[in-house]
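Sequence order for the protein chains is D and A. Here this note's numbering is used: the first residue of the first sequence is 11, the next is one more, and so on. Here this note's numbering is used: the first residue of the second sequence is 7, the next is one more, and so on.
Just so you know, these hints were derived from the structure itself, not from any lab. Hints are not guaranteed to be accurate.
[Stated by the list, open to error] Computed footprint of chain A on chain D, listed as stretches where at least three residues anywhere in the stretch have a Cβ under 8 Å from a Cβ of chain A:
id : segment
1  : 106–113
2  : 560–574
[Stated by the list, open to error] Label-pair distances were calculated between CB atoms; the ranges are:
id : chain 1 : residue 1 : chain 2 : residue 2 : range
3  : A       : GLY497    : D       : GLY825    : 55 to 65 Å
4  : A       : GLU211    : D       : GLN654    : 57 to 67 Å
5  : D       : GLY825    : A       : GLN446    : 25 to 35 Å
6  : D       : LEU678    : A       : THR176    : 53 to 63 Å
7  : D       : GLY1020   : A       : SER180    : 48 to 58 Å
8  : A       : ASP218    : D       : LEU645    : 46 to 56 Å
9  : A       : GLN499    : D       : ILE388    : 16 to 26 Å
10 : A       : ASP33     : D       : GLN654    : 20 to 30 Å
11 : D       : ALA1075   : A       : ASP33     : 33 to 43 Å
12 : A       : GLN499    : D       : GLY825    : 58 to 68 Å
Yeah, the Cβ is synthetic: ideal placement off N, Cα and C, and Gly gets one too.
Here's the letter readout for the chains.
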Amino acid sequence: MKKNLDYYGLFKPKSNWHKIFLTMKISAFLLFCCLVNVFANPTYSQLTKISLNIKDASVEDVLNKIEDESEFYFLYNQKLVDVYRKVDIEADKKPIKDILDAIFDKKDVDFIVYDRQIILTPRNESEYITVIQQITVSGTITDAVTREPMPGVNILVKGTNLGTLTDANGKYTLTVPNPNNATLVLSFIGYKVKEVPVVGQSIINVALESDIISLDDVVVIGYGSVKKSDLTGSVASINSKDLGYRQVSDIGSLIQGKGTGIDVAQGKIRIRGVTSLNSTDPLVVIDGFIGGNLGTVNADDIESIEVLKDASSTAIYGARGANGVILVTTKGGKAGPLKISVNAYAGIGVRPKKIGIMNASEYVDYMHDALTNAGQTISDKLLSPEVRIDVTDWQDEVFRVARNSEFNMNFSGGSEKATYFMSIGHKFGESIAIGPESSSTYIRNKNDFNISKWLRAGNNFAFNYNIDKGREPWLEHEVQMPPYYGIYDPTQVGGYSYVDTDTDRSGAYNPLPQSTCSHPEAYTLGYQTNLWAEIEPVKGLVYRIQAGVSGNFGRNKLWQDAFSGGARVQKNGYSESSNYSFSPLIENTLTYSHVFDIHEISVMAGNTWQNYALGGGIGITSQDFAKTEVHNVFLGDTKNITNQDAWNYAYLSYFGRLNYQFNNKYLLTVNIRRDGSPRFAPQNRWGTFPSVAVAWKMHEEAFIKNLNIFDQLKIRASWGVSGNDAIGDFRYSSQVWTNGVYYPLGGIAVSGATVNENSSPDIKWESTESKTFGADMAFLENSLTVTADYFIKNTNDILFSVPRPASLGYGLNYGGDAIVNAASVENKGFEILVGYKDEAGKLTYSINANYTNVKNEVTGLGVGQPYLSNVSRTAVGYPIGYFYGYVADGVFMTQSELDAANAAAQAKGFANYQEAGTSAGDIRFKDLNGDGHITGNDRTMIGNSIPKHLYGLNITLDYKGFDFIAYFQGIAGADHFYGDWAYLRGGTYSANQEAYVLDRWRSEAEPGNGIVPRAVLSDPNLNNRPSSIMVQSGNYLKLRQLSLGYTLPESFTLKAGIENLRFYASANNLLTISNYDGYDPEVGGDNLNRGYDNLPYPNPRSIILGIQIGF
Amino acid sequence: MKKLINIKLLSLLLVFFGVSCSEDIMDFKNPNSYTTDTYFNTPSEIEKAVIGIYSSFYFNSMYAWKWPETFDVLANEVEPTPAAAANESDIMAMYQYQFNNTSGIIAGFWRLLYKVILRSNLVIDKASAYLDDKGENADVTRSLGEAYFLRGWAYTQLAFYYGRVPLRLTFDQSGNVDAPLTETVKEVWDVAESDFKMAKDLLPEVSTYSFDDLGRASKGAAIGFLGKLYLYNKDYAKAEAEFALLDGKYSLVPANRWEENFDETVENNEESLFAIQFQWFAGGELNGMFGDPEGHSTTSTNTCHVKLYTWGEIGGWDNWRFQPMRVNDFQYKDEANNDYVDPRAALTFYGGIGDNTVLDNSPEGPQPYTFANTDPQIYYYKKYTNLENLRGTQESGINLSLMRYADVVLMRAECKLETGDIPGCISFINQVRDRIGAFQYLGSYSKTEAFDLLKRERQIEFMGEYVRFNDLKRWGILETTMNPELQIIFGIQPVTAESYLFPIPQIEIDSNPGLGPTGN
């Protein structure tokens, strides 16, 4: 509490004389404020109940105790208030007022409670009064973001004890001595302290900025911000402290498991279920810049991330809000002296586990089986003993220990008139696979200027420069390569061993030259620059214009060394491409806010204008270089232009919002946005997206207050519609295809033109109607908070290129289908976030648990017929894109079992039960329709890739400078489809397989485990058809992060001029609990191949050591 | 004063707000592509669309790779190397007649035949509209004829290999996306017949083509394919009438120019009615092997057939050899009942009774075919491999013939046979034999005997030209011929009545509700 006292400088006496004068004034003002602040609701002080049982303790100890156990803190002057007096206090759940009455009963101390702040003053004011040179300054203090007046703000003349508080309308009047040199210091809980020079002005209006770590967070929403307690929508708010210091490659990893309703898999983010078949990527807004370039954001610069989930919050982004919105707010400067912050770490990452692959001898046995069963001969080499000797563990050759490091530094500070924030960051990271490495450099500059009372402006410039090098080997080849092979063979071009298709009978490739002989390099300069200005011509009316450009310049190079491997001879070659993008955006908003009586109203209207957004690229290539040291396309033998493409884009939107609050109890938010998208034909171009939300702060009602249970109880309901146009450009119009269309006539390649893609002239907006019912609750002096939401999202007219008949003739091989408004889907679910924070002595801890349940069901189909994309089917009554295939019912264990099945089929007039080539040991598929024969009609739902349950748990502990974070995340109710089953487990491929195949059927005497079929090349039974054998549970629980930090005591570091010095260690993915037998149960993929595991590189297990220094 | 500035500034910004509300900003054209509304409206653009139809032949699943291989294995005219047998499971399934509706090969043919149809329909619609609108134009008329010819060819393949299929007769299929199967296969044949007739009327004679137009469909090609269509439908009189129209327009090249039909020296000769044009261009990719040519940066109009059918030492990938079982086809008794080796043996394959030197016409001069020393049972194709001329087999642009005049002559023999004119039949067979220097059949034969001679003649003449499977299939002797051969090779007799037609691919059944759940 002394800290508070010193900080505010309140009551700090210069002389006794002065002191008495001041206390009188302050007390008078404070009393006045208390009177007028009746409806400014000192909620906390009224709702908080304190229990104390202290005997023979000093007043100071009692006050300390109260501070420890509550959020109250005391301001007083030790010389005026006797705090050494001994008292006995016994209180059981008493309001603070009662306790203070008891402590100071009939004593000469008065107290004033404002929310959590309690000011103690001597009761008897002095009568000393002196006249000095002074003026009266008055003004209004408002919230910098909401523009609402702020009652109860402390205002103090710097270096003196003169001060006051603002009234219910945020107004104050203060007599300031020596006005030309005086400075006002303004402070308020949850807001940044602000100093304003008086310089003779008699009216000083100040806007205070919220401090993000405050108790009642200000939550950024679209085109504005609100206090969390005034929120009507569903917003997951994650601040920089929650984000922690982790190695992250993308924003998805940063927010995974941190809030409810957020589903992240391999960096892909989905908010509240899968609403669409095309892109379900949420809209990203960086510092108010729609569709900002996330590549320019250094994770270290992030102040907070808000995830807007329901229509009420997203509808203001209308067209692009259907998949949720992620608002990223970067750090900014604060008025004050220069602050320097440094954060650096270094660490390593490794593969999370090794998978079982057959050894040489097991592989050779497998090849014997597979060849023999296919009626083929075993080569002499495969009969020799030397191929049974293990030579290379290909898995070890492909993976490595990856190094990672990061260095970040930022400078910030400023004055009342201008603040600055500059940051520079550098990251280096290697892949856990040999080959790829990347480095990124980030620079950000952010300045805010208070040019005059009615004009504010600022800039926010961010640049990033990335260098990505190297290519990883294909993981499939790591499994498939025969273990008896060495890595190198000097007789081959490039020096790598190769598998001979003849003697080895195998088509496997040495995985290494794919990486070591291929040298891609990508250099990207990304930028996002933004200027803004705000004009307030009339009080409460703010016009804001924001103009920015984002985009990038890229240069990609690929040098390919010559090598031979297997049947392939790769010539050396070089290709290079350049690309750029340029995306300007201008937004105007006009906001009017007014408070009259018990009504608070805020109206906003605006538009978004994006024009001349364009980009493109060009590529060149050449092969057969005589020498390899200079990489220039003109030095190669065959030169070609490989591509030239361009895009342009424009976007126009109008939007408006009404916020109304009645009596601080009832909240109403109405949004509307109208968007035009050039992705639709002119007649279908415009979409209108409204939303309404209401909230009731029930804790403000007497009947709830009297329950003495809730510190907060707010119920919310919202309804709204948002849109999605995430399809390619120009899909509504036909396109003439000319690329590579030739026919040689007369020895000349005559170029041609045709069509390759079915146009979609009638497509219209996809829209999502969303309903949310939610409640925010706080108990136990706000230490327990609960946020619960129930939501229903109905997406209609889902835009998707439904696989149309192959007989339409479109597509190169696949695709080319017209986009149609294909389906309707419903996502229903609930989400709950429970947080508990408390202190036990010096230990501060918090536990946050979140859980989301989503049920996804297709409710209608635009083409009236289920459709199948690869193994993912979309049909009414099922989850979108569920896995569709045959049901594997073990293997035919004996020839007689197979004969019986065939005989039964023949009795029904079929040639056989399954295939002509089916043999004992092949998979038996279930005849689901009972017609006696296996056909496409025997396929059914064999799995669902959309997790039903998402959960996360964050635990933080702080103890005497130590901080600890444990963060768990998991999913349940999801299936994976092992897309590589055919190549790595099917037993039909002439290459090494996973150890799974060891359990195969070999003969009636050695039937294996009854699940894994026999090995046979050419797959006569089609064991590789999509079936339930390829599906397994994708449930997992991961310990995503475990970190421990230690901050040296300030008393120690300050001597070295360091404000803050923290060391930390953090580990990612330390533990995974899952039955999944692949590398990583976290399988990504787009909506239609989600959970389709084609062996992506797993998330590494990593550990970092870091240091943070603040000056 | 300050207030005034505020108002001025505000009004300025509000003006800007107004400006930034113009909806015209969204009216812009695709910067990468023309649209079909504005393109394909001039003779040269329509001609480009015709090139687009022809280029469909190059796809992975078509002639650049899968088509020749597939019909060679179905006819047992090749033998896989052990490596190919171990690694090429999709084609091995075709070899063993274990194909079903999930076969990627069968689905690939389907897709590509319909791609030809789509692209033909584009030309037919655009060219017809042009002629209606602008009047007569020789170039557009020829383009229209080519489109009808190619569509007719595609529907012929569909009718023959798949039977009843969905019909797509216009470019705009928006009202007919879920087209059902035709009631009868005849409906499909009828479309093909009508198309060939249109082509026959619209196309010019090949003799009028300049060198730069050789390779295009011509009137003769339309007549030949129309006749073949009648023959396949057993309408022998109509077939013969069409074939007769070709008298004097095409001829069999002499024996010393036989290889012209299968290498790159002289292409589109007087024996060629229609051939797929391949051409090697520097920097080109091997077609089909690792991706489709369309979308490739380089001009890719070459075939990987040579690569697949030649051995490693000579530069090949060594997937397919000449089927040893077929060697016997070239050994038969002459009229005096003496053992006879057909002269086409040495023209068709290397090894044994075939040719035993390679690179005869190359600068390095004749080199011995060495496999005979190590394993006399290893034969390789000479036909279509260009190995007499060149070692580096990658750079191959050998045309693949879809109909040469020898076929017309032997089809006429079949018409004669089926209409009871056995001497006429033998006479046509002898024309083909005479050209190559094989002895003449001089006896009198029963219909069965004559049919056997015709069957042998077609087998020897068209070995490796994807003809035998078609013949066995249309003659109804697929099981009786293939099962004994497959019994020897694989120990199985997989050919049944079901093997005559490829199934409608599952991808079509899954995506075309018009077919019903079982594709019937």
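Verification of the hints:
{"no.": "1", "hint": "106–113", "verdict": "violated (count 0)"}
{"no.": "2", "hint": "560–574", "verdict": "violated (count 0)"}
{"no.": "3", "hint": "A:GLY497 x D:GLY825: 55 to 65 Å", "verdict": "violated, 41 Å"}
{"no.": "4", "hint": "A:GLU211 x D:GLN654: 57 to 67 Å", "verdict": "violated, 41 Å"}
{"no.": "5", "hint": "D:GLY825 x A:GLN446: 25 to 35 Å", "verdict": "violated, 56 Å"}
{"no.": "6", "hint": "D:LEU678 x A:THR176: 53 to 63 Å", "verdict": "holds, 56 Å"}
{"no.": "7", "hint": "D:GLY1020 x A:SER180: 48 to 58 Å", "verdict": "holds, 51 Å"}
{"no.": "8", "hint": "A:ASP218 x D:LEU645: 46 to 56 Å", "verdict": "violated, 34 Å"}
{"no.": "9", "hint": "A:GLN499 x D:ILE388: 16 to 26 Å", "verdict": "holds, 25 Å"}
{"no.": "10", "hint": "A:ASP33 x D:GLN654: 20 to 30 Å", "verdict": "holds, 23 Å"}
{"no.": "11", "hint": "D:ALA1075 x A:ASP33: 33 to 43 Å", "verdict": "violated, 57 Å"}
{"no.": "12", "hint": "A:GLN499 x D:GLY825: 58 to 68 Å", "verdict": "violated, 40 Å"}
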